[in-house]
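With chain P held as given, fit chains A and U onto it using these hints.
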Amino acid sequence: MSAIIEIRGVTKSFGGVVANKNLSMTVEAGGITGLIGPNGSGKTTLFNSIVGYHPIDAGSIKFEGREISKLPVQKIARLGLLRTFQQTRIYGAMNCVENMLISLPHRKMRLAQSFARNSAAERKRAAGLLEFVGLYEKRLLRAGSLSFGQQKLLEFAMALMNEPTGLLLDEPTAGINPTLINGLVDRLKRANREFGITLFIIEHNMRVIMDMADTIYCLAHGEMLAHGAPREVQNDRRVIDAYLGAH
Amino acid sequence: MSGARKSAGMPIEARRIALYLVLIALMLAAPFLFPGFRTQLAALWLMIVVALAWDMTGGQMGYNSLGNVFFYGTGMYVAAVITIALAYDVGEYTSAAGGGIHAFTDAQYFAGMALGIIGAGVFCAVCALLIGYITFGLRGPYFAIGTLGVAIAAGELVSNWEWVGGGQGISLPVYPGDLETGKVVFYFLFAAAGIALFVLLRWLYTTRFGAAMNAVRDDEEKAEAMGLHTLRYKLAAWSIAAFFVGAAGAISAFQLIHFEPLETAYQTINLGIFMVVCVLLGGKGTLWGPVVGAVLFHVFKEVTWNYLLGWQWVALGALIVVTVVYFQEGVMGYLMRRKPEWFGIRVGREAE
Amino acid sequence: MEQILGNLSLLAEFPVINLKIIVDGLMIGSLFALAAYGLALVWGVMNVKNLAQGDFVIAGGYVSWWLAGLGLPPLLGVAAAFAVMWAVGWVVYKLVITRVIERDMFTSLLATFGLAIMMAQILNLLFGSDTQSIQLQYDTLYFFDGFIDVPIAKLLGVLLAALLAAGVILFMKASRMGQAIRATAQDARAARVLGIDTEKVYAFTFSLNAAICGAAGAIIVMVWVIQPFYGISYSIRSFVIVTAAGLGNLPGVIAAGLGIGALEQYGAHIFGIGYQQAVAVLLLLLVLVVRLVQQRRMRRSLQ
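Protein chains in written order, with our numbering: chain P, 1 to 247; chain A, 1 to 352; chain U, 1 to 303.
Dumping the calculated EDC-like pairs for lysine to aspartate or glutamate here, alpha-carbon to alpha-carbon at most 16 angstroms:
(1) P:K62 x P:E6
(2) P:K75 x A:E221
(3) P:K75 x A:E220
(4) P:K62 x P:E28
Just so you know, the hints here were simulated from the structure itself, not pulled from any lab data. Please read these numbers as outputs of a predicted model, since none were measured by experiment.
Just chain P, with the same shape it has in the complex (with noise of 0.2 angstroms):
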């Protein structure tokens, strides 16, 4: 495997609070990469530099062998690098097709191609997407009226219907009923197992990133605290600290 995303002595710090500090890591292509670490310790500030919504202090940040930390948002995600929001972002006033048939991958897309309607192969997919993460009941429904849980997985359909070569997700599970927690797993390793998409994931939720993850990073308030493969991280005495506040 190959890294497909490379980190290299990032530091953020936001006025005088570090959030980020000289943090390294290695994304492999195809796998499954975990992000855990207590409230606070710099996970959504890392993944908001990946995908560009703020400038990084110093360090390197690769995707594909390519630098972006100076990259806008936009550039970034047409690279093929999305990423999901804690707080999901749809678009509230459009039904789901329609959220879907938005989340085409532009990328690939000339101008004078979009000017032409979507053709029938493309609401095939998006139908074919609802019905994986079983919103396709509800599909024409106003996507702000959907649950929260509901919304979470629409972002998740979106953000496949765009194709990305690498999506990072923040808390996936956060919100959702725990009895859809299984098959919202299950549908995440397919997504990484049949359409080959790398994942990064920041959960909160232990049992389910060990359950997915091939690597584990760990943060606590900014550094690396630990990383290796599930059961190493697990079993890392500081980490253990670093949950139960013994630090």
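Leaving out everything else, chains A and U in the frame of chain P:
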């Protein structure tokens, strides 16, 4: 359920076609049915064009420009310069400012008109790309104020630019031939622009491009995060709008014969704000809204203007405030909320 | 072009002219800063972008001018304009602004643009479209062998503006209402939870803004001229200043106000008086572009 929907759908489709046919007939017959109102009817089509164009960015993309009148004024000047340059030296012509006799042959006039209208549209479309490249980095109120600034600055600069007549403005030749024929010609020119834009938008809003426009309006940050070429779509939409507004400005230039920069061409607080009011009255972000709004506004304006004895501008300001504060959804927005079935919108359980 | 070069070489040849331009610019700039401070206040506290700002200024000027015509001393006219515009601001707030606070930004912008048109037209109907001013019977001070003339009236205007600004700042710092306003600006919901009547705060803030503008206008009519349709350029100047300085940056507002006053005087001197309005607007575009480039570097857009 589906059978019921189908049978309810048929007459709507038939009614819609009938409606279009009636409107087209009315449009064709209007200048002959009301020969005394040809100029006002032409002005109505002008309002429809600029309102439809404004709604492209304002209603469909959420970019509220207060400076679209820049394209109107620029279109006027481009058309005038092209027409004059075909026959004379522009600087000499404007410095004579009505003193010198400048005859135009019919061929020169019509060539100037054709080239002027097209040229104005193209020039304004290019301007929109250049200006938009900067202003579309501005969001919300900054975009509105930035574009307003462009329009005001253009008016001020042009009024100091002697080559195009400075503050005195510029004159074009009168329509060669019968005065009434001229009025009919201008009516149909404006109407053609309006219908062309309407048909274009009716199609455009069903394409991927149209969906992308709405995505920018609903959540631009999300659209960026999904990799949409937001700037490209914004520029393309604004330059289409600018083409039509510029062309409409060019037609106005020939219709008005004489115009000057601040009050006629770059009329920031007249036409510049009228177009916004039309769209708000009719309903933002809908295809028919700008048309309905333009008709309502224009009729209101023409009927009341002369009875207000100097207070018409105050009434206009009040109309803006009242519309914005109390009736922002507009006629179409109101109808869509009250009668969603007219528009084929399915809500709630019905959709399942 | 030749004329522009000529004007430029004049500046290089007689450096003292620069001084005159700067002094003039700073004097008028202090009044721009006053109006801009009001805009920043309203913008920061209730997120309303008031395009009628300049028309409040002009209206205040007309109040003072009209009262002076009736025999009121111009200095009292400043106080009168402050009071009258306070009332106007309160009425405008109750009729319009209170209904647009919670709405999107364009609503407040457009509603106040409508107000601006109304106010300019009403002033035009009441007072006519001629330019007006109040002539004060004060001496003029001369410096540098008469190269620089500073009318005492203008100095008095600057002094009044400074006094007014100091009074408002003191009020914001020390009074209960001032504290409530600042709390609301930081977080309106938290302020409401803590028992601050935000509706009252908003009404007060908007009235105060109108009153500040009115007083500024009353000073302007003593040292410069006013005309019903000059409002929009004062609005634009206020936006330039606030955009350049940022919200809640009082020294920045003052500096930007003085700077824009000076730049406009330079522009008028170099390009000719006909370009004064254009210079104000071009400064707006310039400031927007600069801010935009700054934001780009932060991977963000200006919003």
